[in-house]
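Produce the complete structure using the sequences and hints provided.
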Amino acid sequence: MKLFSIEEITTLVSGEQIGHCKDIINAPAQIENAIKGNITFIGSSKYARLWENSNASLAIVYDGIKILPGEGKAFIKVKNADLAMAVLLEAFEPEPPYFETDIHPTAVIDKTAKLGKGCKIGANSYIGKDVVLGDHVTVYPNVSIFDDTTIGNETVIWSGTVIRERSKIGSHCIFHINVSIGADGFGYRPSNDGRGLVKIIHIGNVVIGNAVEIGANSCVDRGKFSSTILGDGCKIDNLVQIGHNCVLGRCCIMAGHSGLAGSVTLGDGVIIGGSASIKDHVTIHSGAKVGAGSGVISDVAAGTSVVGYPACNSREKMKQWVALRKLGRN
Amino acid sequence: MKLFSIEEITTLVSGEQIGHCKDIINAPAQIENAIKGNITFIGSSKYARLWENSNASLAIVYDGIKILPGEGKAFIKVKNADLAMAVLLEAFEPEPPYFETDIHPTAVIDKTAKLGKGCKIGANSYIGKDVVLGDHVTVYPNVSIFDDTTIGNETVIWSGTVIRERSKIGSHCIFHINVSIGADGFGYRPSNDGRGLVKIIHIGNVVIGNAVEIGANSCVDRGKFSSTILGDGCKIDNLVQIGHNCVLGRCCIMAGHSGLAGSVTLGDGVIIGGSASIKDHVTIHSGAKVGAGSGVISDVAAGTSVVGYPACNSREKMKQWVALRKLGRN
Amino acid sequence: MKLFSIEEITTLVSGEQIGHCKDIINAPAQIENAIKGNITFIGSSKYARLWENSNASLAIVYDGIKILPGEGKAFIKVKNADLAMAVLLEAFEPEPPYFETDIHPTAVIDKTAKLGKGCKIGANSYIGKDVVLGDHVTVYPNVSIFDDTTIGNETVIWSGTVIRERSKIGSHCIFHINVSIGADGFGYRPSNDGRGLVKIIHIGNVVIGNAVEIGANSCVDRGKFSSTILGDGCKIDNLVQIGHNCVLGRCCIMAGHSGLAGSVTLGDGVIIGGSASIKDHVTIHSGAKVGAGSGVISDVAAGTSVVGYPACNSREKMKQWVALRKLGRN
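Residue numbers (UniProt numbering), protein chains in the order written: chain F, 1 to 330; chain R, 1 to 330; chain V, 1 to 330.
If you're looking for bench data, these hints aren't it; they were derived computationally from the structure.
One should not assume that every hint holds.
In this list, chains with the same sequence are indistinguishable; a pair is considered to hold if it fits within one copy or across any two.
[Claimed, not checked] With a cut-off of at most 30 Å between alpha-carbon atoms, the simulated DSBU-like pairs for lysine-lysine come out as follows:
#1 Lys129 - Lys114
#2 Lys114 - Lys168
#3 Lys120 - Lys319
#4 Lys319 - Lys289
#5 Lys326 - Lys77
#6 Lys279 - Lys168
#7 Lys111 - Lys2
#8 Lys2 - Lys120
#9 Lys168 - Lys117
#10 Lys319 - Lys279
#11 Lys2 - Lys199
Please read all numbers here as calculations on a predicted model, not as lab measurements.
See the structure below:
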């Protein structure tokens, strides 16, 4: 448990302390559940009403909100309560899970694999032939990493994740639980007798930039003969599907259950809402946003927003929904 | 294989035997595939027509259905055929997979972990520092359970499942294959230079009640600083996403591919249909139902049903669909 | 790396060589990224324009496209560029990941399990009691296969996959990463006091034919007391859900994120688009197609196409969408 004085926290969040309290602060907590020693957050007037009866010792409060510290409690006024919360979560971050030894004796590491300085490999993980890990890579237990894969410095791979052969992963990435990288793309051709399907062999790979995060149980398929590419800073939520030969620019966001069919291109900073699906070979240009639950079947211009199925301009779709609602009431 | 006489089965399901048959009953089977010695189920007249030619020795028949037992066959009349089937499936349930030894020698169990009486830990599983398992917990092979997690009595964890640090799991739970518990929530803030995204650290945890079942490849993310909570008796299907800081009441049902974004609240007994998605910070009050495939973007009142995208009252949505169908035919 | 002369490739794809080039061909590459020694593909005039400046030594070109080979480069005219590409990908397919020994010493294989000739079992995999593997079955590291399961010749099981007890898997199948086979179906009944849910025990199994491919993180649940069945040649993409007691005919295709609730029947050659969902007990007859993102709530006739939610005939739905678009503009 990490401990901070109120003065230390005031400095951390660059805020202004109001009221007096000598408690040592030990953890953040929700305003209604907080106990003595906890710090909480008041970003809107909805939460301000709960402050008087909260047992928290300290609150981070958005500048525009009018409250009094109360007896034996204090608060810190800040311009950006969300940013202050993020900074505090970093300060209170607990140690990651314990490794008894850096390289667990039950890990199976091929003798040709190269591990950088300070790597940690958990129990029962598998590291294949000619895999190259940078410095301070963390591989938790029960991970499988296949031949000729390279992984950059400081990347963290959680349990259950499998990375297939020839993947190229950047530095400072986080792959969460049960992630699947580099499985074959989904492609078939009719058999000669027309009665079945023949698998199209996928000999490409997956290339992932730096600072990419991939959520639990998400999948990125390998390219047919070139690469499926995720640019630096992409953030992918849980249960997301990225098909073969997709190319994502910098800092794209894909929310839970969203999916890209094969050969989809995303520009930089594209945001895909939860459960949205993009048809194969579609391009979504930089800065565009796809609403949750949408089905996109044609290209989306830079900086625009689309929603619905089939997806169209968000304003147009809103009008359609309003019109449909009226129609249903006639 | 478990064996029952027809008299034993009649007692089990509290039914009334019609016709005579001396066969020993060895397994349930579908009416068209059943062989001598099998028991089958007739819950509707659709299946009654198949009875005459079925080779089953015995049928459980809903009271209202008129059939004759036929030569050398018998049936048992019951008031509730579904309940009788459920009772029989329990009777015929085979032994679970075999453990050669309770604690497999290849399992890696931190020396600080505490295991209750009669726990079974499968091959190549990992149990981290200060994990506490209750009595008769079953952990199948290739599971990973991280530091400071507690798990209640009789809970069963299937292979491929990963439970991250500080999770609190109740008793009599079942976690199916490749479940992901406690991965980081999906939250970012803009970087100071406005050109990228900074991860918001998630230091909360996951708290799961008693008798909760979580389906294969489903995910429950940890809270930002408090907990993501699933109440007693919740039943979660496969490939479901439950985001950070969601709170589910008692006995909620979420069908396959459904998802809750961050900070969604479900009351007690809420039912979420397959592939439905709920927007962040939405509350769905007790007893409400969300239809399959819906996208819910605002709160849902207790006991009501919503459907569609954007979801609205089911009756209203039906009228919209009818109106749209007419419009398409003009 | 595999190497071919241009003459060898011309023979492989049954094409006609145009132009002269003595380079040895070492890999396929996209036309804009290709380097000397690479082969590329020109299936449309869009790519033909890039040929002049491409550094590829060789191209496979669809017969109808008019281009010149250019200095020191050659191309091969073919009638079916997609088929030629598929043939070449097979030719260039690299060796699969390396096994240091056929049966890794850390694999845990029950002494009652029977392995055919030439099986490979990766590090830390688990093979349960009375499992029977055919000849040349490949099981990569960190797989779990439970009691009484049988798997046919040449089937490949990738890491993270779990196959529950009593499954019957055909030959020449591929199960990709983190696949879940045979978890319990999702079924409950009200408890006697009406306040909770009682699990319906699922004692059936999963039966999968030959040449079936199942994508990463997909799930096939076991039947209630009979089997969930996938016919020969079915191809299932990533993150797909197949509920208990579903029966799929031959060569069905299910794209990413699609799902079948319980007891759905698919005929032969049914195609389910990405993110489409099918209600329980629905039958989709042979040759029918379900569009991406659809929600199917009633039976679909053989050879027809449906789309939308609720799904209806594709032409009718298109008219509805056009009508709605007009309505939104009024």
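Hint check:
no.: 1; hint: Lys129 - Lys114; in the structure: both (9 Å within a copy, 28 Å between copies)
no.: 2; hint: Lys114 - Lys168; in the structure: within (14 Å within a copy, 38 Å between copies)
no.: 3; hint: Lys120 - Lys319; in the structure: neither (55 Å within a copy, 59 Å between copies)
no.: 4; hint: Lys319 - Lys289; in the structure: both (18 Å within a copy, 27 Å between copies)
no.: 5; hint: Lys326 - Lys77; in the structure: neither (46 Å within a copy, 51 Å between copies)
no.: 6; hint: Lys279 - Lys168; in the structure: within (26 Å within a copy, 34 Å between copies)
no.: 7; hint: Lys111 - Lys2; in the structure: between (40 Å within a copy, 25 Å between copies)
no.: 8; hint: Lys2 - Lys120; in the structure: within (24 Å within a copy, 35 Å between copies)
no.: 9; hint: Lys168 - Lys117; in the structure: within (19 Å within a copy, 35 Å between copies)
no.: 10; hint: Lys319 - Lys279; in the structure: both (24 Å within a copy, 21 Å between copies)
no.: 11; hint: Lys2 - Lys199; in the structure: between (55 Å within a copy, 20 Å between copies)
In terms of the numbered hints stated before, the structure departs from hints 3 and 5, listed from lowest to highest.
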